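Single-letter residue listing:
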Amino acid sequence: MSSVRVLVGTRKGAFILTADGARKRWKVSGPHFAGWEIYHVKGSPVNPNRIYASQTSGWFGQIIQRSDDGGKTWNTPGSSPEELKSADGMPRGESNKFVYDGVAGTHQWYDGTQHPWEFKRVWHLEPSPNDPDHVYAGVEDAALFESRDGGKSWRELSGLRKHDTGPKWQPGAGGMCLHTILIDPKNPQRISVAISAAGAFRTDDGGATWKPINRGLRSQYIPDPTAEVGHCVHRIAMHPSRPDTLFMQKHWDVMRSDDGGDSWKEVSGNLPSDFGFPIDVHAHEPETIYVVPIKSDSEHYPPSGRLRVYRSRTGGNEWEALTKGLPQRNCYVNVLRDAMSVDSLEPCGIYFGTTGGQVYASANGGDTWKPIVRDLPAVLSVEVQTLP
Amino acid sequence: MIRVVLPPHLRALARVEDEVELEVNGSVTQRSILDALESRYPMLRGTMRDHVTQIRRPLVRFFACGEDVSHESPDAALPEAVISGTEPFVIIGAIAGG
Chain X
1 MSSVRVLVGT RKGAFILTAD GARKRWKVSG PHFAGWEIYH VKGSPVNPNR IYASQTSGWF
61 GQIIQRSDDG GKTWNTPGSS PEELKSADGM PRGESNKFVY DGVAGTHQWY DGTQHPWEFK
121 RVWHLEPSPN DPDHVYAGVE DAALFESRDG GKSWRELSGL RKHDTGPKWQ PGAGGMCLHT
181 ILIDPKNPQR ISVAISAAGA FRTDDGGATW KPINRGLRSQ YIPDPTAEVG HCVHRIAMHP
241 SRPDTLFMQK HWDVMRSDDG GDSWKEVSGN LPSDFGFPID VHAHEPETIY VVPIKSDSEH
301 YPPSGRLRVY RSRTGGNEWE ALTKGLPQRN CYVNVLRDAM SVDSLEPCGI YFGTTGGQVY
361 ASANGGDTWK PIVRDLPAVL SVEVQTLP
Chain P
1 MIRVVLPPHL RALARVEDEV ELEVNGSVTQ RSILDALESR YPMLRGTMRD HVTQIRRPLV
61 RFFACGEDVS HESPDAALPE AVISGTEPFV IIGAIAGG
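Chains as they are written, first to last, in the numbering used here: chain X, 1 to 388; chain P, 1 to 98.
Treat the hints as calculated values from the structure; they're not laboratory data. Remember, predicted model here, so these are calculated numbers, not experimental data. Among the hints, erroneous ones may be present.
Stated by the list, open to error - Short derived list, chain P residues pointing at chain X, Cβ under 8 Å: (1) LEU10; (2) GLU38; (3) MET43; (4) HIS51; (5) ARG56; (6) ARG57; (7) LEU59; (8) VAL60; (9) ALA64; (10) ILE95.
Here a beta-carbon is modelled for each residue, glycine too, at the ideal position from N, C-alpha and C.
Could you build all of it, start to finish, from the sequences and the hints given here?
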């Protein structure tokens, strides 16, 4: 019987939630890496027992962790007990070495001045669809790194950061993070990424060269609302069967592209706010998408204190509120950009975590919801693995 | 033998329960202790000082015999009590909220 494994990153550790395919009874393991911020945990599509985690701390910096047994045990890549005893000598200990390629350069700071690029943390880990040892890392300050040795060492794909527009990129409120990495399953040379607050970018040559893909985005409170870069894109989602169709939640509006990001149109329709962080696509219905509207520009909690997921079955514009099982009064949590995911069971399961520490799950495409856990630390990320 | 006390998070990362003992070749300084520590526990590289610049991370402090030596030269000799192992070299994560 199929089962699901939900990988949850929080402000104070990682948690792994497991259930069989009925998704009614859950086991909770954790906290793993107690006390550390876990920005993201994600498994390899090729080998689900290979899981990568980004563990970070203001004191001790960035750590990459890897499990090869589905999250039961973890090691920093290259420093497993066996490798520490290897006759080849001690490991190099470079699994957390993220060094920008060449001159780091400067980007725009909040006050409009130029500010040096400074590595802070890994926001998002995206394992390759083809090779469990190949994984991408989106970092703050914005850059894309890759490892081809299972996380033991990293190199920057610096064509992105060195794009001509780099000096115009600026941090959003959460920092200048590269938070979204979408690999085209039909053409792994095509990768789209998103950066707050620079916008979306795409490579068609495996990361050597990049171009902004922000035509059609409108951000009314930046000096040039339709600028080539400078948009605060919060998240982009893609259904693997339709890699040219992208859905975007940005600061101001939900957008859609049907040409791989070359052009975008607004599909916010009847949503109750123009803001939110996550966006995701139903596993079996490429035109069914989910968002969680949030009130902004500064409140960052659900409108009217009602936690509602909105579903569109038409690829945008027409949205329905999903409320059954979700708190409809006095709810003032946020749902962050990496904190929503879907499983591929039938019916499709939808999951999201809140800054209040709840992880909600729907085993019927969003019609009804239940909390799996209620009292975790603030949730930063949620990923789901569907296991045979 | 040099004794080193790690903060709890780094003990967990290095999988040690208590203070660690290290052989340090040559002069006993901050740099030589950290070199020996990172060599034996490679998962600690980058957590106390920058991989490239070797500059101490801002929220990490070093103490010897009750004195804060964080701002001393990394190549300055440490007190005899640390060199002899009577006193540990103490690595501390700065007290800060969160």
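Any of the earlier hints contradicted here, and which numbers?
-> Structure breaks hints 5, 9 and 10.
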